[in-house]
Amino acid sequence: MKKIMFLLFTFIGVLYADSLNNLLKEYEDNSQKSLQTVNEKLGHVLVYSQKELKLMQHNKLGDVLKELPLLNLNRNRYGLTSPSLAGTKTTVSGFFRLFVNDHEVSSIHTQSFALSWGEMPLDFVDYIEVYYGESSFSLGNETGIYFIRVYTKSALKENSTQLKTLYTDNNSFSQSLTHSESLENGWSYLLFFNQNNIKNEMEYKNELLKNDMKSRYFYVDMKKDTLGINIGFNDIKKESYMGLSLDLVPNNGELNSQDYFINVSKSFLDDDSLKIGASYNIYKREYKEDNDEGLGVLPLIDFTQPPINTIPKKYKENLKYIKSTGYVTKNFKTSNNQLLTSFHIKKKEYKLINRESTNLFGQVNSNKKFNDFNKETIYSFILEDNYTVNDKLLLIANSKFDKYDRNAYLKDSDETMYKVGAIYTPTENFGLKTFYTKTYLPPSFYNTEFASSLNKDIKTQKYNFYTTEAVFAFNKSKFSITYHNVEIEDFIYFAPIGFINVDHKIKTEGLIFDYKYQISKNNKMVFNYYFTKSSEDINNSDKGGYIKFMGNYSKFEYFSSLIYKNKFEFRPEDSNHISVDASYNLNVGATYNYNKDISISLKGENLLDKSTKSLFTDGFPGTNTAIKDFDRTVSLTFKLVF
Amino acid sequence: MKILSCVLIFLSFSYAQSYTFLLNKYDKELELESKIIGKIASSSLSKDIVLFIPKITEAERNIYSKIFTIGLTCEESNFIFVKKNFPEENLCKNANKLYFTNNYKKLLSNNRFFGAFFWSKSRPNIVFIKSRLVKNNISLPNSYKQFVEDL
Numbered sequence: 072m073k074k075i076m077f078l079l080f081t082f083i084g085v086l087y088a089d090s091l092n093n094l095l096k097e098y099e100d101n102s103q104k105s106l107q108t109v110n111e112k113l114g115h116v117l118v119y120s121q122k123e124l125k126l127m128q129h130n131k132l133g134d135v136l137k138e139l140p141l142l143n144l145n146r147n148r149y150g151l152t153s154p155s156l157a158g159t160k161t162t163v164s165g166f167f168r169l170f171v172n173d174h175e176v177s178s179i180h181t182q183s184f185a186l187s188w189g190e191m192p193l194d195f196v197d198y199i200e201v202y203y204g205e206s207s208f209s210l211g212n213e214t215g216i217y218f219i220r221v222y223t224k225s226a227l228k229e230n231s232t233q234l235k236t237l238y239t240d241n242n243s244f245s246q247s248l249t250h251s252e253s254l255e256n257g258w259s260y261l262l263f264f265n266q267n268n269i270k271n272e273m274e275y276k277n278e279l280l281k282n283d284m285k286s287r288y289f290y291v292d293m294k295k296d297t298l299g300i301n302i303g304f305n306d307i308k309k310e311s312y313m314g315l316s317l318d319l320v321p322n323n324g325e326l327n328s329q330d331y332f333i334n335v336s337k338s339f340l341d342d343d344s345l346k347i348g349a350s351y352n353i354y355k356r357e358y359k360e361d362n363d364e365g366l367g368v369l370p371l372i373d374f375t376q377p378p379i380n381t382i383p384k385k386y387k388e389n390l391k392y393i394k395s396t397g398y399v400t401k402n403f404k405t406s407n408n409q410l411l412t413s414f415h416i417k418k419k420e421y422k423l424i425n426r427e428s429t430n431l432f433g434q435v436n437s438n439k440k441f442n443d444f445n446k447e448t449i450y451s452f453i454l455e456d457n458y459t460v461n462d463k464l465l466l467i468a469n470s471k472f473d474k475y476d477r478n479a480y481l482k483d484s485d486e487t488m489y490k491v492g493a494i495y496t497p498t499e500n501f502g503l504k505t506f507y508t509k510t511y512l513p514p515s516f517y518n519t520e521f522a523s524s525l526n527k528d529i530k531t532q533k534y535n536f537y538t539t540e541a542v543f544a545f546n547k548s549k550f551s552i553t554y555h556n557v558e559i560e561d562f563i564y565f566a567p568i569g570f571i572n573v574d575h576k577i578k579t580e581g582l583i584f585d586y587k588y589q590i591s592k593n594n595k596m597v598f599n600y601y602f603t604k605s606s607e608d609i610n611n612s613d614k615g616g617y618i619k620f621m622g623n624y625s626k627f628e629y630f631s632s633l634i635y636k637n638k639f640e641f642r643p644e645d646s647n648h649i650s651v652d653a654s655y656n657l658n659v660g661a662t663y664n665y666n667k668d669i670s671i672s673l674k675g676e677n678l679l680d681k682s683t684k685s686l687f688t689d690g691f692p693g694t695n696t697a698i699k700d701f702d703r704t705v706s707l708t709f710k711l712v713f
Numbered sequence: 288m289k290i291l292s293c294v295l296i297f298l299s300f301s302y303a304q305s306y307t308f309l310l311n312k313y314d315k316e317l318e319l320e321s322k323i324i325g326k327i328a329s330s331s332l333s334k335d336i337v338l339f340i341p342k343i344t345e346a347e348r349n350i351y352s353k354i355f356t357i358g359l360t361c362e363e364s365n366f367i368f369v370k371k372n373f374p375e376e377n378l379c380k381n382a383n384k385l386y387f388t389n390n391y392k393k394l395l396s397n398n399r400f401f402g403a404f405f406w407s408k409s410r411p412n413i414v415f416i417k418s419r420l421v422k423n424n425i426s427l428p429n430s431y432k433q434f435v436e437d438l
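Protein chains in written order, with our numbering: chain A, 72 to 713; chain B, 288 to 438.
Treat each hint with caution, since some may be false.
Pairwise CB distance ranges (calculated) [stated by the list, open to error]:
{"no.": "1", "chain 1": "A", "residue 1": "L679", "chain 2": "B", "residue 2": "D314", "range": "38 to 48 Å"}
{"no.": "2", "chain 1": "B", "residue 1": "S396", "chain 2": "A", "residue 2": "D485", "range": "49 to 59 Å"}
{"no.": "3", "chain 1": "A", "residue 1": "D341", "chain 2": "B", "residue 2": "V435", "range": "51 to 61 Å"}
Within a straight-line C-alpha distance of at most 25 Å, the following computed SDA-like cross-link-like pairs (lysine to any residue) qualify [stated by the list, open to error]:
{"no.": "4", "chain 1": "A", "residue 1": "K96", "chain 2": "B", "residue 2": "L378"}
{"no.": "5", "chain 1": "A", "residue 1": "K308", "chain 2": "A", "residue 2": "T375"}
{"no.": "6", "chain 1": "A", "residue 1": "K285", "chain 2": "A", "residue 2": "T239"}
{"no.": "7", "chain 1": "A", "residue 1": "K359", "chain 2": "A", "residue 2": "K391"}
{"no.": "8", "chain 1": "A", "residue 1": "K295", "chain 2": "B", "residue 2": "K342"}
{"no.": "9", "chain 1": "B", "residue 1": "K353", "chain 2": "A", "residue 2": "E499"}
{"no.": "10", "chain 1": "A", "residue 1": "K576", "chain 2": "A", "residue 2": "N500"}
{"no.": "11", "chain 1": "B", "residue 1": "K315", "chain 2": "A", "residue 2": "S90"}
{"no.": "12", "chain 1": "A", "residue 1": "K295", "chain 2": "B", "residue 2": "V414"}
{"no.": "13", "chain 1": "A", "residue 1": "K547", "chain 2": "A", "residue 2": "S672"}
{"no.": "14", "chain 1": "A", "residue 1": "K578", "chain 2": "A", "residue 2": "Y537"}
{"no.": "15", "chain 1": "A", "residue 1": "K285", "chain 2": "A", "residue 2": "G616"}
{"no.": "16", "chain 1": "A", "residue 1": "K439", "chain 2": "A", "residue 2": "Y537"}
{"no.": "17", "chain 1": "B", "residue 1": "K370", "chain 2": "A", "residue 2": "P377"}
{"no.": "18", "chain 1": "A", "residue 1": "K131", "chain 2": "A", "residue 2": "V659"}
{"no.": "19", "chain 1": "A", "residue 1": "K592", "chain 2": "B", "residue 2": "F308"}
{"no.": "20", "chain 1": "A", "residue 1": "K235", "chain 2": "B", "residue 2": "R410"}
{"no.": "21", "chain 1": "B", "residue 1": "K315", "chain 2": "A", "residue 2": "Y663"}
{"no.": "22", "chain 1": "B", "residue 1": "K342", "chain 2": "A", "residue 2": "I300"}
{"no.": "23", "chain 1": "A", "residue 1": "K104", "chain 2": "B", "residue 2": "K371"}
{"no.": "24", "chain 1": "B", "residue 1": "K315", "chain 2": "A", "residue 2": "S225"}
{"no.": "25", "chain 1": "A", "residue 1": "K401", "chain 2": "B", "residue 2": "K312"}
{"no.": "26", "chain 1": "A", "residue 1": "K401", "chain 2": "A", "residue 2": "E499"}
{"no.": "27", "chain 1": "B", "residue 1": "K353", "chain 2": "A", "residue 2": "D341"}
{"no.": "28", "chain 1": "B", "residue 1": "K371", "chain 2": "A", "residue 2": "S231"}
{"no.": "29", "chain 1": "B", "residue 1": "K392", "chain 2": "A", "residue 2": "L525"}
Simulated from the structure, these hints should not be mistaken for laboratory data. Just so we're clear, the structure is a prediction, and the values are computed from it rather than from any experiment. Where a beta carbon is used, it is the ideal one built from N, C-alpha and C, also for glycine.
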């Protein structure tokens, strides 16, 4: 029989891929689809393949984030591009979890990745998977709504040195070096170094909001069989944009951060079903700002007396955070059942190195701790079961038990999460996926420090959500509709006096439509539209979508995309209401491959100059204002591989 | 009839560009790798092939066994594909076996291997070393000349 099969494959090979060259091309094309790690059981998934990242000229993570459905990518007060869920605008958001390979890189302080990794370059990235829905069951013990998994390039598949340099029309530049090699002794390594000098400023009240940023990234990935070692580092130095200034225009301000981590993991047994991993992360943050009109450092302001007595005009702080994790995971497989058990432990520590503030009367206050909560250990036990009823129906049941051991005033807590779901594929052309999830988001160090003085005991936010996705796939087309319905209790909201738990249940629901069409072997079109409906006042676009086209012909690669976010009105009944126009972000680009090793690319972003805008409050309690997030930009990229 | 069904199923998979949900691990890349190795092995050896992959994984065994007879040991096999780091002394020494690797550096330094299938500059490559083809009495089709190097 094997002989017959061998002959059959050889025969088919002769018919359709009669040369090794054709097979090699097919092998390379397939590798660029980046589907090897997709896990449909984790949530509703979008894959940004190696090919798409290249054709669309996605140079940094923000390029991908700005088109994702159900979120808005805006600039926050510190000038960082920060994602918020549709309809909302948050300065720092803890809904998103970002992984670089196995390591979760969100800030230990705020649970947001915006400062250190939001603008991470993608030159060393192979592909990106985005999961909508709670996916922390098998991905560690940080909870969230959106899970973004970035996979770095494999040294085994690169075996090269790549130089890339990018210049923009506003004198920003970026340079990167990627070197990878597989050695004879079985080890392979990938080294990445990148530096950026980004120029950015916005005009407000005839003054400039300065937002220049210098950043450096370093990454090493070493592998031997199933042992993997990742070392990451980044160093960000930037101007403070609005910072904490009450009038939105500081005299001056600077934000510096460094993030270092090492992550080691190894799989054991013939089927790699036992995995052990550990990581160690140090994160440093320095901030300083001066503003004659005052700074909104809420923990320093005493609202029981006239605020002018305690509002600072100068502020600086130097903070250090340490995170260490360890985990062991074991998979048990039978013909129709897959059980995953896992134990995680994570320890977070927060150290105040220095903090100094000067109030409007010139009085200096040093090393004031905002509260004593600075240590947290999380123990998690995970059970995940996937049962294949038949070749058309898969049932999913996940549960996770977390124990939070906290110091100081914040209570220890035991939390439970669970998810039940099913994936039903009655035909090759139609599939249904549905999940019901109960999860939570715990308060971060930042939430407790900036908690309202009326109630410092910030409670965990509880989420219940139900999602369903229907997919229709035909030869060249794929159409999907995803419905979500979310209920949140004890939502942590940043009110003018600090973080509070909202005293009522928040509800939101919406739909995502997605249509992909493979026009030809080398050309593809994607259309996406979403809308949400919320029980609360919205302060950001709640509808959006995009249409994009990408492809290649001969030595050329090309793309165009139009990202839409709808018009919205903030508090229409209020005298302080504000209306923000719809955003139409048009991007166009092309690459010329001089040969297989040299290419030059031209890209225009936000060509219509109709960027999204972010809402801010000028003054205290203040008036609302909308400021443009992004400028029109043209960039030129040169790439050399040897 | 069964063979015809197999052909039709295979063709339908070859041309299906879209999928609803990927419920099983995506192994098309491994499947193509096995086809490439299958082509190389069948062009290099005239007899039935028994393949040995040191430290073979479960996924590799499942895919490769569709077109190869998989040998449990090096001794009982006639085509050895070294994909992972494997001690040299643990490989059997027999003149009637062909050795292939996925590591170009290993190919250059160890004359046991007559060729390699590896990645370089983000592209898959195949290299056969001329002198080792002669030594192993391998006569490849003319269309393979582009992969043969003098070293």
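Hints, verified against the model:
no.: 1; hint: A:L679 - B:D314: 38 to 48 Å; result: holds (44 Å)
no.: 2; hint: B:S396 - A:D485: 49 to 59 Å; result: holds (57 Å)
no.: 3; hint: A:D341 - B:V435: 51 to 61 Å; result: violated (36 Å)
no.: 4; hint: A:K96 - B:L378; result: violated (32 Å)
no.: 5; hint: A:K308 - A:T375; result: violated (36 Å)
no.: 6; hint: A:K285 - A:T239; result: holds (15 Å)
no.: 7; hint: A:K359 - A:K391; result: holds (15 Å)
no.: 8; hint: A:K295 - B:K342; result: holds (13 Å)
no.: 9; hint: B:K353 - A:E499; result: holds (23 Å)
no.: 10; hint: A:K576 - A:N500; result: violated (39 Å)
no.: 11; hint: B:K315 - A:S90; result: holds (18 Å)
no.: 12; hint: A:K295 - B:V414; result: holds (23 Å)
no.: 13; hint: A:K547 - A:S672; result: violated (28 Å)
no.: 14; hint: A:K578 - A:Y537; result: holds (12 Å)
no.: 15; hint: A:K285 - A:G616; result: violated (31 Å)
no.: 16; hint: A:K439 - A:Y537; result: violated (44 Å)
no.: 17; hint: B:K370 - A:P377; result: violated (73 Å)
no.: 18; hint: A:K131 - A:V659; result: holds (16 Å)
no.: 19; hint: A:K592 - B:F308; result: holds (21 Å)
no.: 20; hint: A:K235 - B:R410; result: holds (18 Å)
no.: 21; hint: B:K315 - A:Y663; result: violated (30 Å)
no.: 22; hint: B:K342 - A:I300; result: holds (21 Å)
no.: 23; hint: A:K104 - B:K371; result: holds (24 Å)
no.: 24; hint: B:K315 - A:S225; result: holds (18 Å)
no.: 25; hint: A:K401 - B:K312; result: holds (18 Å)
no.: 26; hint: A:K401 - A:E499; result: violated (32 Å)
no.: 27; hint: B:K353 - A:D341; result: holds (20 Å)
no.: 28; hint: B:K371 - A:S231; result: holds (20 Å)
no.: 29; hint: B:K392 - A:L525; result: violated (67 Å)
When the structure is compared with the earlier hints, violations turn up for hints 3, 4, 5, 10, 13, 15, 16, 17, 21, 26, 29 and for no others.
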